[in-house]
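A.B. asks: Sequence:
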Amino acid sequence: MKYISLLIIVAALTASCTGKKKNSVEYVLEQGNLETIRTKRSELVADQQAINDKIKLLDQKIKSLDTTKNVPLITTFKAEGQVFNHVLELQGNVTTKNLLTITPEFNGILTKVYVKEGQKVTKGQTLAKIDDGGLSQQLAQLKIQAELAKTTYERQQRLWKQNIGSEIQYLQAKSTYESQQEAVNQLNQQIAKATVKAPFTGTIDDIITEQGSVVAAGQTPLMRIVNLEDMYIETEVPERYVSDVTKGKSVHVNIPVLGKTIETQIRQAGDFINPANRTFKIEVEIPNKDKTIKPNLSARLKINDYTSENAVLIPQSVVSENSDGEQYVYVVSDKNAKGIGTANRVIITTGKTQEDVIEVLEGLEPGAEIIKEGARSVRDGQAVEVINYEIKN
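First residue of the sequence shown? That's 1 in UniProt numbering, and the numbers climb one at a time after it.
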């Protein structure tokens, strides 16, 4: 009985192996039957499709359960309120009102130059002399005639007070004397023009015309005089700043050539808008006690034209613009302990810019966590992972 049972088991195993062999790819290929091979291929394709469908279901389930899969990494910052001093940057040139090229008031030969280059002079000091062409001799003659007229007038006056002589004689003597005096005064004024004097206290910077040269009134430059005490910077400001750039505003001045910076203020703001370039002029005073600042030096100006005591500032690089021209940034919300949160697009209104930052006027709540690195690659509503954040000061 046992022997019969063993035979049955062996027969079953043999039949099973034979069935599996007949169902294998190798067996089907050995048979060489086209229909059998096609049938086997169709079975394998169906099995492969079923496996792919199962793998896809598994991937979807993994994606729903694993929230960290393919989440973009970002950095964020919190833009807190701070003092914002916006500055207008301009270029200007140093100048002074006490810089003058002196020209003569008299035609003639420059007979004498009394000063040298670099010499300090005071206001009214004689600098040069021009030949007066004989006017001095004429003056001497006029003075003699004036003395005679004066003597005649004084005598006629005494006689007239004593009721001696006629009134007409007295009046004629008086008229002659006054005429002579006026002639002397006029000639004195003419001769004075032959003397060149310093219009203000300063330094002779250059002797332009040498002694012995013929000079023409109002045309020939004789010398240049300069005073370095009253220095200022003159520049032009666009008209849109007319209400912000006013007298008394603080100015940071940098003179690159000297490596010098000065804190000063606007001493004068023009009231005239130039129609050619729509600008107005300002003057910025420059203290120059050490006399190192010279006329025509280039200067860079930074003028504080706007101040906000509690401004929200963000980098310009994180601001984008949509097709409607609206500006926006991405903020992170609903962040969990692992740093996973949601990127939300927020429309903002911006104000003034300063270097690489821009002021946000509307749209951001205090303490909002703004995406910095990765702001250009995220989408609204997308899950993101914050790897760090910084407080922006």
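Don't take every hint at face value.
To be verified - Here are the computed lysine-lysine pairs in the DSS-like style, where the Cα-Cα straight-line distance is at most 30 Å:
#1 Lys193 - Lys249
#2 Lys97 - Lys260
#3 Lys129 - Lys112
To be verified - Restraint ranges, calculated between C-beta atoms of paired labels, are given here:
#4 Leu44 - Arg376: 25 to 31 Å
#5 Ile273 - Phe200: 27 to 33 Å
#6 Thr220 - Asn163: 31 to 37 Å
#7 Val257 - Thr126: 31 to 37 Å
#8 Asn322 - Ser243: 43 to 49 Å
#9 Gln382 - Ser243: 41 to 47 Å
#10 Phe200 - Lys161: 33 to 39 Å
These are computed hints drawn from the structure, not numbers from a lab. Where is the CB? At the ideal position from N, CA and C, for every residue including glycine.
A.B. asks: Indicate, hint by hint, whether the structure satisfies it.
C.D. replies: Structure-based check of all given hints:
1. Lys193 - Lys249: Outside the cut-off at roughly 44 Å; violated.
2. Lys97 - Lys260: 22 Å, holds
3. Lys129 - Lys112: The given pair, whose Cα atoms are some 5 Å apart, holds under the 30 Å limit.
4. Leu44 - Arg376: 25 to 31 Å: Given about 47 Å between the Cβ atoms, the range is violated.
5. Ile273 - Phe200: 27 to 33 Å: Given a distance of about 32 Å, which is inside 27 to 33 Å, the answer is holds.
6. Thr220 - Asn163: 31 to 37 Å: About 60 Å separates the Cβ atoms of Thr220 and Asn163, which means 31 to 37 Å is violated.
7. Val257 - Thr126: 31 to 37 Å: 36 Å, holds
8. Asn322 - Ser243: 43 to 49 Å: Violated: the Cβ-Cβ distance is about 32 Å, outside 43 to 49 Å.
9. Gln382 - Ser243: 41 to 47 Å: 44 Å, holds
10. Phe200 - Lys161: 33 to 39 Å: 50 Å, violated
Hint compliance for this structure: hints 1, 4, 6, 8 and 10 are not met, and every other hint is.
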